[in-house]
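Q: So the chains spell out like this:
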Amino acid sequence: MYQFSGKLKIFSIALIIIGAIGITLSFLNAPSSIEEAKEIIALQASHGDEHGGSHDKVSSEVHHNDVVEEHSNAHGTANEHHDDASHDEHVFHQLQNKPWSAFYVSLIFFLGISVVVLAFYAAQRVAQAGWSIVLFRVMEAITANLVPTAIIMIVIVITAVLHYNHMFPWMAEGVFDKTSPNYDAIVDGKSWWMNVPGWAIRSVIYLLLWNAYRWFIRKNSIKEDTANDNYKTYKLNYNVSVGFIFVFMITETLMAWDWIMGLDPHWFSTLFAWYVLATFLVCALTVIALVTIYLRSKGALPAVNDSHIHDLAKFMFGFSVFWTYLWFAQFMLIWYADIPEETTYFVARFNEYKLPFLAMVGMNFVFPVLLLLNSDFKSMPWFVIIGGVVILAGHYIDVFVMIMPATVGAQWSFGIAEFSSLLFFLGIFIFATFSAFAKANAIPSGNPFLEESEHYHYYNIEHRGEGSGDHH
Amino acid sequence: MESSKVIHAFYNDDEVVLDAVKAVKADGHHVEEVFCPFPVHGLDKAMGLAPTRLAITAFFYGITGLSFAIWMTNYMMIQDWPQDIGGKPNFSWFTNMPAFVPIMFELTVFFAAHLMVITFYMRSRIWPFKEAENPDPRTTDDLFLMEIPVENNEADITALLAKTGAVEINVVDKH
Chain A
35 MYQFSGKLKI
45 FSIALIIIGA
55 IGITLSFLNA
65 PSSIEEAKEI
75 IALQASHGDE
85 HGGSHDKVSS
95 EVHHNDVVEE
105 HSNAHGTANE
115 HHDDASHDEH
125 VFHQLQNKPW
135 SAFYVSLIFF
145 LGISVVVLAF
155 YAAQRVAQAG
165 WSIVLFRVME
175 AITANLVPTA
185 IIMIVIVITA
195 VLHYNHMFPW
205 MAEGVFDKTS
215 PNYDAIVDGK
225 SWWMNVPGWA
235 IRSVIYLLLW
245 NAYRWFIRKN
255 SIKEDTANDN
265 YKTYKLNYNV
275 SVGFIFVFMI
285 TETLMAWDWI
295 MGLDPHWFST
305 LFAWYVLATF
315 LVCALTVIAL
325 VTIYLRSKGA
335 LPAVNDSHIH
345 DLAKFMFGFS
355 VFWTYLWFAQ
365 FMLIWYADIP
375 EETTYFVARF
385 NEYKLPFLAM
395 VGMNFVFPVL
405 LLLNSDFKSM
415 PWFVIIGGVV
425 ILAGHYIDVF
435 VMIMPATVGA
445 QWSFGIAEFS
455 SLLFFLGIFI
465 FATFSAFAKA
475 NAIPSGNPFL
485 EESEHYHYYN
495 IEHRGEGSGD
505 HH
Chain B
80 MESSKVIHAF
90 YNDDEVVLDA
100 VKAVKADGHH
110 VEEVFCPFPV
120 HGLDKAMGLA
130 PTRLAITAFF
140 YGITGLSFAI
150 WMTNYMMIQD
160 WPQDIGGKPN
170 FSWFTNMPAF
180 VPIMFELTVF
190 FAAHLMVITF
200 YMRSRIWPFK
210 EAENPDPRTT
220 DDLFLMEIPV
230 ENNEADITAL
240 LAKTGAVEIN
250 VVDKH
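The listed protein sequences correspond, in order, to chains A and B.
Per our numbering, the very first residue in the first sequence carries number 35; after that it's consecutive.
Per our numbering, the very first residue in the second sequence carries number 80; after that it's consecutive.
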């Protein structure tokens with residue numbers, strides 16, 4: 035049985051503590067008044083920072099959605115000047131959003147990965163896959179991260195409801211109030227869906243449903259090991275997994291609308307939930323592969339051979355292409371028709387996030403495709419690790435570009451706030467995953483497909499220490 | 080060739096023929112050819128055949144197709160007659176690139192797939208009206224045939240093959 039080493043435990047706790055300190059600092063450094071916000075901007079401008087400089091150029095084109103009309107009038111006359119009052123307030127809100135958004139990006143990134151690993155695991159059960167059984171305990175361990183991330187998500191939901199943060203513009207004061215200067219008729223038209231109680235209740239329901247399945251399947255998967263009940267437990271797990279996939283596809287769609295698309299309440303895209311799913315699917319497979327390679331190198335997964343790694347890498351490759359397909363389909367349809375209400379989404383991203391927006395295509399598509407195209411490379415752990423790290427970084431940027439333009443606009447940067455959030459959640463991930471893995475038998479010995487999985491062999495791979503005679 | 084005799088050993092099971100190939104190779108004989116009615120996993124490894132390079136050719140054909148698509152869209156839409164069609168930007172190839180991606184993708188796949196198939200036909204010497212080469216028509220239905228060239232060791236090989244479970248062993252003149 036695997037032992038969660040003290041070194042790794044201390045490392046993960048150190049990450050959590052360093053991350054928490056950085057997050058606290060970033061909240062303390064956020065401006066608490068418009069004057070402070072002006073100071074920060076003035077400081078940036080005097081440093082010749084490109085964001086301070088580029089802001090003039092884009093401020094008249096791209097706006098925080100909830101106040102477009104008032105602002106465009108104000109900017110028509112005074113957009114060269116930083117002393118425009120409504121503009122200052124706008125920047126102040128963006129700067130206030132920064133630590134929240136930095137935290138939120140990492141939270142969504144890790145939460146999404148955990149839940150999609152769970153969905154992939156359910157799919158493996160439902161498909162009665164013969165290759166992946168020896169990886170079941172790895173996948174279950176990764177989904178343990180769903181519990182802490184879901185709890186933190188509920189905290190974020192509560193803070194949003196209580197107006198501690200302003201990431202969701204439709205939650206602002208007076209947006210649904212016809213007499214208010216903040217009234218927004220378009221968002222008001224969506225208020226049957228976009229309202230605070232509905233949003234909060236739905237958010238909690240998604241998290242509860244996911245966690246309920248995780249709790250159930252983890253318990254019953256361990257029960258499978260010793261059940262010896264003519265596969266009754268196995269069949270029950272199968273049936274519940276079928277149900278979960280159905281529930282997951284619906285909640286994932288709604289989750290993408292509520293938690294990510296809701297940040298841009300004026301914008302909508304039919305493809306969006308699929309696109310978000312594709313993002314997390316690539317990451318999920320990559321994380322499974324990286325954790326598997328690590329645990330195998332520690333000798334904790336004796337039944338995993340190069341063919342399993344090859345299959346995981348093949349999934350990483352395939353879903354990278356799938357992600358690119360959806361990303362491009364969404365982009366190209368909007369670019370081609372160029373309808374103003376849809377195009378603003380990409381205008382904001384292309385003008386203010388050019389480097390991450392373009393870099394992510396290289397990191398999420400070109401690099402993994404060229405690296406993992408070769409069948410031999412896919413079975414070599416080092417290539418999979420290199421490809422995996424680039425894919426994960428690329429998809430962090432992907433989530434960053436989904437969220438940041440809506441909440442902080444041109445005021446984005448990658449600094450202490452963003453980095454420490456990433457470390458914080460990475461620490462939680464390592465702690466949750468490896469302590470969960472240490473709690474159960476590494477081989478799901480009651481699964482009827484275990485034997486097949488242990489002998490899984492992809493035809494063109496020569497395993498270390500194995501001959502072709504072992505595969506009859 | 081001076082040695083024009085070959086031994087044809089027939090088998091009626093893929094597992095048996097696979098083990099027979101290994102036994103013959105282990106004994107130091109050369110296996111000229113194995114005729115099977117369907118693919119037998121591991122047979123190429125047992126025979127010691129070099130891995131195929133067909134996938135590598137497909138990669139380069141794909142790059143060719145991609146280059147062709149880029150050249151074609153650039154020449155037609157940007158260089159030759161840069162018309163304003165529905166407000167699409169045609170100042171440079173990059174400004175209009177998204178519109179060309181479907182073509183680039185399809186031509187990449189088209190070149191990779193078709194040229195690889197043609198390469199396969201040429202390398203395997205398959206074409207219409209090609210004379211069939213199987214030495215015994217039963218190898219397309221239910222028998223496996225191993226062909227071993229004979230060089231004054233006919234008795235040795237025959238004895239070895241009999242032990243490997245061959246159902247029929249014939250010594251024939253080749254052409």
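Mixed in with the good hints there might be a few duds.
[What the hints assert, rightly or not] Derived DSS-like pairs: lysine-lysine, alpha-carbon spacing no greater than 25 Å straight-line:
| hint | chain 1 | residue 1 | chain 2 | residue 2 |
| --- | --- | --- | --- | --- |
| 1 | B | 124 | A | 388 |
| 2 | A | 348 | A | 332 |
| 3 | A | 473 | A | 253 |
| 4 | B | 101 | B | 242 |
| 5 | A | 224 | A | 212 |
| 6 | B | 242 | A | 348 |
Hints are computed from structural coordinates only; laboratory data are not their basis.
Q: All hints are to be evaluated individually against the structure, with a verdict given for each.
A: Each hint, compared with the structure:
Only pairs whose Cα atoms come within 25 Å are accepted, and residue 124 of chain B paired with residue 388 of chain A is rejected, the gap being roughly 50 Å. This hinted pair checks out: residue 348 of chain A and residue 332 of chain A have alpha carbons roughly 23 Å apart, not beyond 25 Å. The straight-line distance between the Cα atoms of residue 473 of chain A and residue 253 of chain A is roughly 11 Å, inside the 25 Å bound, and the hint therefore holds. At most 25 Å may separate the alpha-carbon atoms for a hinted pair to count; residue 101 of chain B and residue 242 of chain B meet this at roughly 13 Å.
Our distance criterion of 25 Å between C-alpha atoms is met by residue 224 of chain A and residue 212 of chain A, whose separation comes to about 14 Å. As the CA atoms of residue 242 of chain B and residue 348 of chain A are separated by approximately 42 Å, the hinted pair breaks the 25 Å bound.
This entry does not satisfy hints 1, 6, going by the numbered hints stated previously.
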